[in-house]
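Just so we're aligned: the sequence shown equals residues 40 to 384 in the numbering used here.
Keep in mind that the hints were calculated from the coordinates and are not lab data.
Watch out, some of these pointers could steer you wrong.
With a straight-line Cα cutoff of 25 Å, these simulated DMTMM-like cross-link-like pairs (lysine to aspartate or glutamate) come out [claimed, not checked]:
hint: 1; residue 1: Lys344; residue 2: Glu356
hint: 2; residue 1: Lys220; residue 2: Asp107
hint: 3; residue 1: Lys308; residue 2: Asp236
hint: 4; residue 1: Lys201; residue 2: Glu223
hint: 5; residue 1: Lys205; residue 2: Glu99
hint: 6; residue 1: Lys261; residue 2: Asp250
hint: 7; residue 1: Lys292; residue 2: Glu223
hint: 8; residue 1: Lys202; residue 2: Asp236
hint: 9; residue 1: Lys139; residue 2: Asp67
hint: 10; residue 1: Lys191; residue 2: Asp107
hint: 11; residue 1: Lys269; residue 2: Glu248
hint: 12; residue 1: Lys274; residue 2: Asp144
hint: 13; residue 1: Lys79; residue 2: Glu223
hint: 14; residue 1: Lys163; residue 2: Glu174
hint: 15; residue 1: Lys269; residue 2: Glu99
hint: 16; residue 1: Lys70; residue 2: Glu223
hint: 17; residue 1: Lys342; residue 2: Glu62
hint: 18; residue 1: Lys274; residue 2: Asp101
hint: 19; residue 1: Lys79; residue 2: Asp354
hint: 20; residue 1: Lys207; residue 2: Glu99
hint: 21; residue 1: Lys298; residue 2: Glu357
hint: 22; residue 1: Lys104; residue 2: Glu62
hint: 23; residue 1: Lys139; residue 2: Glu111
hint: 24; residue 1: Lys316; residue 2: Glu357
hint: 25; residue 1: Lys316; residue 2: Asp259
hint: 26; residue 1: Lys247; residue 2: Asp113
hint: 27; residue 1: Lys168; residue 2: Asp188
hint: 28; residue 1: Lys207; residue 2: Glu111
hint: 29; residue 1: Lys168; residue 2: Asp199
hint: 30; residue 1: Lys79; residue 2: Glu299
hint: 31; residue 1: Lys163; residue 2: Glu146
hint: 32; residue 1: Lys139; residue 2: Asp107
hint: 33; residue 1: Lys247; residue 2: Asp259
hint: 34; residue 1: Lys201; residue 2: Asp283
hint: 35; residue 1: Lys94; residue 2: Asp113
hint: 36; residue 1: Lys181; residue 2: Glu223
hint: 37; residue 1: Lys312; residue 2: Glu357
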Amino acid sequence: MKKILSIALCAISAFAYNLVPAESKTIDITKSYSGDIYAKNQVMVATRLMGYIKKMNVEEGDVVKKGDILFEVDPSDIYSMINQARAGVMQAQNGVLMAKLAYADAEKDYQRFKNLYEKGAVSKRDFEKMKLNMEMRSSQIKLAEAMLDQAKAGLQRALDQKKYAKVKAPIDGVVVRKMTKVAEMAIPGHPVIILADLNSIQARAFVKEGDVKDIHQGQDAKVYVSAVNKTVDAKVSNIIPSADPATHSYLVKFSLEDKEGLLPGMYAKIYVKVASKQEVVVPYNALTSRGGIVGVFVDNNGKAKFVPVSIVSQDGEEVAVTGVNAGERVVILPPANMTDGTPLN
Numbered sequence: 040m041k042k043i044l045s046i047a048l049c050a051i052s053a054f055a056y057n058l059v060p061a062e063s064k065t066i067d068i069t070k071s072y073s074g075d076i077y078a079k080n081q082v083m084v085a086t087r088l089m090g091y092i093k094k095m096n097v098e099e100g101d102v103v104k105k106g107d108i109l110f111e112v113d114p115s116d117i118y119s120m121i122n123q124a125r126a127g128v129m130q131a132q133n134g135v136l137m138a139k140l141a142y143a144d145a146e147k148d149y150q151r152f153k154n155l156y157e158k159g160a161v162s163k164r165d166f167e168k169m170k171l172n173m174e175m176r177s178s179q180i181k182l183a184e185a186m187l188d189q190a191k192a193g194l195q196r197a198l199d200q201k202k203y204a205k206v207k208a209p210i211d212g213v214v215v216r217k218m219t220k221v222a223e224m225a226i227p228g229h230p231v232i233i234l235a236d237l238n239s240i241q242a243r244a245f246v247k248e249g250d251v252k253d254i255h256q257g258q259d260a261k262v263y264v265s266a267v268n269k270t271v272d273a274k275v276s277n278i279i280p281s282a283d284p285a286t287h288s289y290l291v292k293f294s295l296e297d298k299e300g301l302l303p304g305m306y307a308k309i310y311v312k313v314a315s316k317q318e319v320v321v322p323y324n325a326l327t328s329r330g331g332i333v334g335v336f337v338d339n340n341g342k343a344k345f346v347p348v349s350i351v352s353q354d355g356e357e358v359a360v361t362g363v364n365a366g367e368r369v370v371i372l373p374p375a376n377m378t379d380g381t382p383l384n
């Protein structure tokens, strides 16, 4: 008999329950939304040359630094332009030389006729003709030199085009799209690559119309990015005042205080504090369900009583609920076989 009583006492001890009182606390009412990371600013990178893409150094998703070579255009046409421009310079230099030689001859003739005219050996008309010829040759030198300057400018432009064959990243960013492939024609003004500016990284989410009234510009938020396991402080930067007609939701954008490691397209969970409120709080591990209804077991004169609850919000291991009064003791980790009337002592 003593042995049976000892076993019974051990069984009661084994099934002793841990009860804690529900507490009234001021809690932050937080709402969460699914969103993503995106780049506010995107740069369309195009070539200034027309030609075939010779080499592509990046793929979509690659992170690049300002000055990195993104792609190269076949420079064959440029070298042809440079050779033509150099030939033009040589021809213009020849023109200047010939004009100077002609002027030198005209100047000699002028001096000779001037001496003869002063001695009365030639007519004034012949002397004036020599003078006019020298002035004309002088004008031809100026014209030839102008043509040489033009030819040199053309050569410099051709040489400048050479550097445009290698197209560099204008900003730090990530490649979000390639519009042209190797061996395809690149046309000036038509984007080859689209870069997203990493310095303009933001978060965005669609908020249902019933929640928009609780959100305002400058409001604090938290953004959790699971890809990098990082939570970032944020603020509401913009609320687009036009709803999606299909979902009746509004696009809300969030500025981020820390953008390190974040890339466009990453999934984000966004938490926005919409209010503070006095609520009854119970431990998360006090929650259970019976018949598909969420609730807790409370101490009802030493016996368990199942009370359905509605969850208001959760903060870590604490859950704000309705349906339980502050001070009521709830059972922690209630077993699956606990029912109404189960002794708690």
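Results for each hint:
Using a Cα cut-off of 25 Å, the hinted pair Lys344 and Glu356 holds, with the two alpha carbons roughly 22 Å apart. A hinted pair counts as satisfied when its Cα atoms are at most 25 Å apart, and Lys220 with Asp107 qualifies at roughly 18 Å. Annotation: proposed proximity of Lys308 to Asp236 holds, straight-line Cα distance about 22 Å (limit 25 Å). Simply put, Lys201 and Glu223 have alpha-carbon atoms about 19 Å apart, close enough for the 25 Å limit, and the pair holds.
A distance of roughly 19 Å separates the Cα atoms of Lys205 and Glu99; the hinted pair therefore holds under the 25 Å criterion. Restraint check for Lys261 and Asp250: satisfied, since their Cα atoms lie roughly 17 Å apart, inside the 25 Å limit. Straight-line distance between C-alpha atoms of Lys292 and Glu223 comes to about 38 Å, which puts the hinted pair past the 25 Å bound. For the suggested pair Lys202 and Asp236, the alpha carbons sit about 24 Å apart, so the restraint of at most 25 Å is met.
Taking the CA atoms of Lys139 and Asp67, the gap is near 90 Å; set against the 25 Å cutoff, the hint is violated. At most 25 Å may separate the alpha-carbon atoms for a hinted pair to count; Lys191 and Asp107 exceed this at roughly 31 Å. The straight-line distance between the Cα atoms of Lys269 and Glu248 is roughly 28 Å, outside the 25 Å bound, and the hint therefore fails. For the hint pairing Lys274 with Asp144, the CA-to-CA distance comes to about 83 Å; that exceeds 25 Å, so the pair is violated.
Restraint check: the Cα-Cα separation between Lys79 and Glu223 comes to about 29 Å, which exceeds 25 Å; the hinted pair is violated. In summary, the hint linking Lys163 to Glu174 is supported, as the alpha carbons are separated by about 16 Å, within the 25 Å threshold. Taking the CA atoms of Lys269 and Glu99, the gap is near 24 Å; set against the 25 Å cutoff, the hint holds. For a cut-off of 25 Å, the pair hint linking Lys70 to Glu223 is broken: about 49 Å separates their Cα positions.
Only pairs whose Cα atoms come within 25 Å are accepted, and Lys342 paired with Glu62 is accepted, the gap being roughly 20 Å. Restraint check for Lys274 and Asp101: not satisfied, since their Cα atoms lie roughly 28 Å apart, outside the 25 Å limit. Between Lys79 and Asp354 the CA atoms are separated by roughly 31 Å; this puts the pair beyond 25 Å, and the hint is violated. The straight-line distance between the Cα atoms of Lys207 and Glu99 is roughly 16 Å, inside the 25 Å bound, and the hint therefore holds.
With a C-alpha separation of about 30 Å, the suggested pair Lys298 and Glu357 falls outside the 25 Å cut-off, and the hint is violated. For the hint linking Lys104 to Glu62, the alpha-carbon distance of about 54 Å lies beyond 25 Å, and the restraint is violated. For a cut-off of 25 Å, the pair hint linking Lys139 to Glu111 is broken: about 44 Å separates their Cα positions. For the proposed pair Lys316 and Glu357, the alpha carbon gap of about 15 Å is at most 25 Å, so the pair holds.
At roughly 17 Å between alpha-carbon atoms, Lys316 and Asp259 fall within 25 Å of each other, so this suggested pair holds. At roughly 52 Å between alpha-carbon atoms, Lys247 and Asp113 are farther apart than 25 Å, so this suggested pair is violated. A C-alpha spacing of about 30 Å is found between Lys168 and Asp188, which places the hinted pair above 25 Å, so the restraint is violated. Restraint check for Lys207 and Glu111: the C-alpha separation of about 9 Å stays at or below 25 Å, so the hint holds.
Taking the CA atoms of Lys168 and Asp199, the gap is about 46 Å. The hint is violated against a cut of 25 Å. Between Lys79 and Glu299 the alpha-carbon distance is near 16 Å, which keeps this suggested pair within the 25 Å criterion. A C-alpha spacing of about 17 Å is found between Lys163 and Glu146, which places the hinted pair at or below 25 Å, so the restraint holds. Between Lys139 and Asp107 the alpha-carbon distance is near 49 Å, which puts this suggested pair outside the 25 Å criterion.
Between Lys247 and Asp259, the direct Cα distance comes to roughly 18 Å. Compliance with the 25 Å bound is thereby established for this hinted pair. Our distance criterion of 25 Å between C-alpha atoms is broken by Lys201 and Asp283, whose separation comes to about 48 Å. With a CA separation close to 8 Å, the supplied pair Lys94 and Asp113 stays within the 25 Å bound. About 46 Å separates the Cα atoms of Lys181 and Glu223, which puts this hinted pair outside 25 Å; it is violated.
Among the hinted pairs, Lys312 with Glu357 is consistent with the structure: their alpha-carbon atoms are about 17 Å apart, no more than 25 Å.
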